[in-house]
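Residue numbers (the working numbering), protein chains in the order written: chain C, 1 to 520; chain A, 521 to 833.
A portion of the hints provided could be inaccurate.
To be verified - Pairs of lysine-lysine, DSBU-like flavour, derived with a Cα cap of 30 Å: (1) A/Lys738 with C/Lys182; (2) A/Lys599 with C/Lys486; (3) C/Lys519 with A/Lys678; (4) A/Lys605 with C/Lys117; (5) A/Lys574 with C/Lys117; (6) A/Lys678 with C/Lys258; (7) C/Lys198 with A/Lys678; (8) C/Lys126 with A/Lys613; (9) C/Lys181 with A/Lys794; (10) C/Lys257 with A/Lys678; (11) A/Lys573 with C/Lys117; (12) C/Lys198 with A/Lys613; (13) A/Lys590 with C/Lys181; (14) A/Lys605 with C/Lys106; (15) C/Lys176 with A/Lys794; (16) C/Lys428 with A/Lys573; (17) C/Lys176 with A/Lys678; (18) A/Lys613 with C/Lys401; (19) C/Lys492 with A/Lys678; (20) C/Lys106 with A/Lys599.
Said to hold, decoys possible - From the derived model, a few chain C residues whose C-beta atoms are all more than 10 Å from chain A: (21) Trp85; (22) Lys140; (23) Val201; (24) Asp231; (25) Met359; (26) Ile390; (27) Ile437.
If you're looking for bench data, these hints aren't it; they were derived computationally from the structure.
Beta carbons: idealized from backbone N, C-alpha and C, even for Gly.
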Amino acid sequence: MKSSRYLPLFLVLFIVAIGVYSPASAQEKVLREALKASDIRSLDPHYGTTTIDYACIDPMFNALVRFKPVDVNPELIEPDLAERWERSKDGLVWTFYLRKGVKFHKGYGELTSEDVKFSLEKAANKATSGFASDYAALSKVEALDKYTVRLTFKNPIPSVLGILSNYHGGYIVSKKAVEEKKDNFKFDPIGTGPFMLKEYVPKEKVVEVRHPDFFRGKPKLDQVEFWFMPDASSREMAFRKGEIDIVEGEREQAWVKKMRDIPGTAIEIFGPGETLVLHFNMTKKPLDDIRVRRAICHAINIKELMTFLGPDVTEPLVSVIPMSYLGGTNKVPTYAFSPETAKKLLAEAGFSKGLDLSMVITEMSDYRRPMEQVQEQLRRAGINLKMDVITHTAFHEQIRKDVNPLVLYVAARFPVADTFLTHFFESKSIVGTPTAITNFSHYNKIDDLIAKARVEVDPKKQKELWAEAQMKIIEDAAAFPLCTTKFVFSRKIYVDLGYELRSTLNLSPPIAWTTDIRKK
Amino acid sequence: MIKYTIRRMILVLPTLWAVVTFVFFLIRVVPGGPAVAALGSYATAESIRELEKKMGLDRPILVQYGSFLKDLCRGDLGKSLITNKPISSEIRKALPYTLDLTLGGMLIGIVLGVPIGIMTALKRNQAPDYIGRILSLVGISMPEFYLGILLMYLFAIKLNLFPVLGGGNFNVLSSRLYYLVLPAFTLGIIMTAFISRMVRSSMLNVLREDYVRTAKAKGLRERVVIYKHALRNALIPTVTVIGIYMSILMGGSVLTEIIFSRPGLGKMMVFAVKDRDYIALQSVIIVFSAFVFLFNLLTDILYSIIDPRIEYR
């Protein structure tokens, strides 16, 4: 029993020890960002596909050209590692002149044309890249001298600069580092960006530190930490407490409203957002009947859906490609909300007593919430849609096995019409085929238009061809655009991004060399 | 006793093999694969096949099983299909955090739960008993994630006493404890509720026993009767429950790890399921199973310490 006398003393000491402990209040400028993720997939830019991957990869790498940090307009792409470039009249040969003196991280030397050649060949190889199909038209990369690279294409493509930009396969990696690190490069990457990898802690965070030799100037932040925080409440708490400076939000009106009420908080709502499109499987009964597909389109009340999802976080989507994308149009037929028309069309198709459909949907709220709303709207028009909720990974597998008669797909792609049309509506992309991507409708009626637009050198004619293709898709009711949801983040007002964010393919606010913390 | 321990340790091998085999085949039956998870929504059918080949998932399942067992016998847990890092190093990093959390939670549960249990038993049907029982009911009913967020809101946001992010610097004890307090209390409060109820009910049974009455009749002090005679006997079922809860606590730490953004094995296991990272999942389950076995063995050994009449043959 004597020892019990020391128990209060021990407790007091414990509390004092904890009380006096405070994490190193460093003088350094450290920015902490929390993202809705459990872990990264890869820090090799040629494999990264998730928001957290993009967020961590972008500050570490550069490309020959780049989107302006404020906007993803492909018509405003500007030089990055390349100082300038020339293109042949037929658009098949492109010559890039590199900046001199650009340094890779951690003493991996100066960037040369050999690194560019190696990087682009790596990006185009399906054994070393997840985006090889984007480079199918690239036939040859030549290093003409230390600072000059020539690219030759088999045929003209809609946006050469797009596939060479700071997105997916366009990032330039260190040849020496990839060859040296092999598979480990995936989690120990070397680039030329303003920040370099310090530490990757699986399931917890990625820490990047300033690259002192960054070619645009000395980055203003000392360190950036990307935390993986799948739980929304935890992210919010950490942000409220000030342990996190930038936080990924929920794309919900309620979340935006709640965060706006926190003093010292700025809300960033930006594009290009993700398109919510319903794809109808035209090979499955009863959706092989256009009257049924059109009935579904008429039964959906877009206005109500957007109100439900939140006016601040949604934007109308008239065609299957947003207007802000190169080649996007709003000159397509529309299906006015009319449950009566829907019922009439169903009756004509032989479903006067209503229609039963069943599908799987992912647990992810970005998909599940809008689809539950659509489910209710369809019910009002006599269409009973049974939905089984499954995990996101299983969902992706199941929809590629044609399990669903209709697929809600939420997508952000390179902002050029060709990418959307190729991925979702070209016959070679039909799911279940060896070259499948994401053509869930099994649509095959615009291949010629896609092919013509792809090689068309006159931008005006090219846009017309893309517009015609979109018109056909909507006319045939192969897919039905619902709306676009924008990305939502909160940041502390002392965080200065260094640019005014309008849209980014990063899907999160890019951390640039100009990003700064004014005062905590 | 040593013989018994060795026998138990040998018996764990077939148990581990059965668990691992079950998980090996079960996870592969579930729709969705690691290649789909790793490549994301841009994946073409061709690139998925390519990555599956690279991961060795194109081989017949029995061949995969055979090579998995072979590697396991050599002590090689393999590399994560998603991160490509050796699983053993990931486990080495995550395990101490989970053990901290489990032991911390259990310690709080015992330190608070045992006295509350004794007090509520001694003051049966009086105010302290009612209060203790109501509080323990609240503790049992309270979901872990909800309690965690409540504690976080109160002690981190409002009172600004503790952090909410991460597990701290593992090599600095004060940092480790500082980051452990709220997560450990999240689990500890729930454990307190379970343990106090168990102790109360055991104590009530023991207090009715003849030897307790005899001890009192002999004129022994109340304190001696309670702590030396009654509590020691009441602890045997409590130790059983603590042993079982240690295993449950360890596996169930996942929510606390996610809420407080702490590294840990539970989180690793859940994300491995989500990403269909077969190798990571199998390995984590082996570790969990080994700990379940260890906790059970320790419980058995503790019995003989608490009650020397218990013998193992």
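Violating hint indices (sorted, rising): Numbers 1, 2, 7, 8, 15, 17, 18, 23, 24, 26, 27 - these are the hints that the structure violates, sorted from lowest upward.
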